[in-house]
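A.B. asks: Please build the complete structure, drawing on both the sequences and the hints.
Protein sequence lines, in the order shown, are assigned to chains A and B. Using the numbering used here, read the first sequence as starting at 1 and increasing by one per residue. Using the numbering used here, read the second sequence as starting at 1001 and increasing by one per residue.
There could be a bad hint or two in this list.
Unchecked claim - Output of the computed footprint for chain B on chain A, the stretches with three or more beta carbons under 8 Å from beta carbons of chain B:
#	stretch
1	75-86
2	89-96
3	282-293
4	308-314
5	362-371
These are calculated hints, taken from the structure and not from any lab test. Even for Gly, the Cβ is constructed at its ideal location relative to N, Cα and C.
There are 2 protein chains.
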Amino acid sequence: MTDLPDTNLVMLTLVKPEGELEVFFERRPMPTPKPHEVLVKVHATPINPSDLGLLFGGADMSTARASTRDGLPVITADVPPPGMRAMSGRIGEALPIGNEGSGVVVAAGDSPEAQALLGKTVAMLGGEIYAEYRCLPVGMCLPLPDGTDPADGASCFVNPLTSQAFVETMRMEGHSAIVHTAAASNLGQMLVKICAADGVPLVNIVRSEAQVKLLKDLGAEHIVNSSDDDFQDKLIAAIVETGATLGFDAIGGGKLAGQMLAAMEVAAVKRMATYSRYGSDTFKQVYIYGALDLGPTILNRSFGLTWSLSGFLLTPFLQKAGAEVVGRLRQRVVDELTTTFKSHYSHDISLTEALDLEVAHAYNAKRTGEKYLIRPNG
Amino acid sequence: MTDLPDTNLVMLTLVKPEGELEVFFERRPMPTPKPHEVLVKVHATPINPSDLGLLFGGADMSTARASTRDGLPVITADVPPPGMRAMSGRIGEALPIGNEGSGVVVAAGDSPEAQALLGKTVAMLGGEIYAEYRCLPVGMCLPLPDGTDPADGASCFVNPLTSQAFVETMRMEGHSAIVHTAAASNLGQMLVKICAADGVPLVNIVRSEAQVKLLKDLGAEHIVNSSDDDFQDKLIAAIVETGATLGFDAIGGGKLAGQMLAAMEVAAVKRMATYSRYGSDTFKQVYIYGALDLGPTILNRSFGLTWSLSGFLLTPFLQKAGAEVVGRLRQRVVDELTTTFKSHYSHDISLTEALDLEVAHAYNAKRTGEKYLIRPNG
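C.D. replies: Rendered as structure tokens:
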């Protein structure tokens, strides 16, 4: 314990009542683990879209400006009224950030469970991980095999559990195939591998030829490119072939969620013997789980009345699924960490670089194929 | 039986492969009831929005033109390509129309159940009711008390069962209050009375001061006018007061369904102790059950990720609810036919007048407060 610094650098995001967002660093006293806690030196933590939602929230990032405080970078941006309304619950409260990450346990509380982790590499879930150190309960850590590369352990939860949750949801809700958008993402690549291993037909929607190639190389069978002129026809053909009646949409805005429902309906109508003015009686479900496009969702309702469009969030799913299922999903992550659940990062940055304005604009653009990994301890 | 004519005038709607819709009459041989069937002389049948969906479907009614065939009116209109795609399952098939109605049983099959209805006034469900006579199974008839006005019996199913289905859905899915749009409609007025009788808080969304007054006179407690500048604030206030997390939307197009979800979310966030970047964990459900606005549904997703927007259709609901519930709902319709479930009609028309082009344009406009009743036998 003698080699620990006195303070811990933590990133915070604050919405001010006057309509301004400020993201900055604070040096806080180094925490001391309680009996059931461990102190983890953070080695790697990804910037997920879900982190960006908290980090910059409803701010207008075109107004973002850089400054410094105590020699550390600060980003400030204006928040338009709709953003202020959406974030009304967090005004005046400086919130820590960082959903997940990996590191090494450098101090542990007195309990045997905590002591058992001392010196181990662990994956962490639970916010406040954009920091040099994170003190958290043992239950929020997932011990990783000795020698695990911190980069491989950084994204153990959000994408690996979400991609598995899609397949679990399919089984729980009685569907037999899945349509997925932004399918070339890290999460999408995991889903391709899970579905291949589990024999689940998967329709991958991407938006460029480069992404088509990437997924083909991974062995994906059904890939449709939304940039193609005949996209809707190809989507229908793939859905007819797979029988998918369940979709997961990372994009949220625009027409895509509605196009998925419409294609499922056309496929369902093809299977009907008689015409119904209300469309097919095949239940079609699309879940929106991301917001790569923050614009409005536009539904051209040409898909009858037997459909549902819903939000999807990992934590409530895990609570509903129960401890046994969650245990099984977590074990699969550990077992297949460097294969199925391998993440790819395009950029490694330091903690303070994460608040360099140019870098922030780059990762906030959420370009497919670009993924940033923060390494708070070099 | 000797006083029955040889033929029965039936209205039909046909989509032709060349992209044209034709609505016309056909003289068909008078049907003879099978053992479990009755022949009903149709006295009154309403034009519901759900009938219009089949009648004119995806046709462009601005192109509609009138003609005659065998001295009877015909309406013809062009169908643009999206309409042809949506109606691909019915091309080339002349379909009868008319979801519900009332009349007197003038002939009956040999079974005791059918014979028991001879001479009785009945309500009917089951299409093909825009006709002078309708032959149908006993099970599709609801016997009405002697002396029931045919106009009172004409709309026994669609609106009375749908309005009751909303309250049943609320109970089945664990909500405790309801938001309803187009609340001044016949269905909306029934819902006001049901909710008052059952002690269910109801937020009524209307779009004019005249409709506010109409519902106030009915005793409705929470009425918000979507034409008011402070509509969203008033909607939020009503939802805070009632705790509604369930909405039924007859309009479908535009921003209203999303505004309902957003208002429910604001109300839910007010009840939260701590901020969550993903919004509240209160589940919010809006069902779209109509399409008064055929335009796209536009969702500005400012309501977290714990929500669902779904289609709602009466028949699948009744199948899911089961025979006991359906029996209870039907009995309530009979018991409260001239009170809770009283329908109001602004126009009485004959069967052939229903295909007068000017009349058709008028009822196809679906103006709130205007409701057409067809009287095929004067």
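A.B. asks: Indicate, hint by hint, whether the structure satisfies it.
C.D. replies: Going down the list of hints, with the structure as the test:
Judged by the Cβ-Cβ criterion of 8 Å, the stretch 75-86 of chain A is covered by chain B as claimed, because 3 of its residues qualify and three suffice. Three residues within the 8 Å Cβ limit are the bar, and the stretch 89-96 of chain A against chain B gives 4, so the coverage statement holds. Beta-carbon proximity to chain B at under 8 Å applies to 3 residues in the stretch 282-293 of chain A; the threshold of 3 is reached and the given coverage holds. Counting residues of the stretch 308-314 of chain A whose C-beta lies closer than 8 Å to any C-beta of chain B gives 6; at least three are required, and the coverage claim holds.
Note: the stretch 362-371 of chain A has 0 residues with beta-carbon separation from chain B under 8 Å; the three-residue rule is not met and the coverage is violated.
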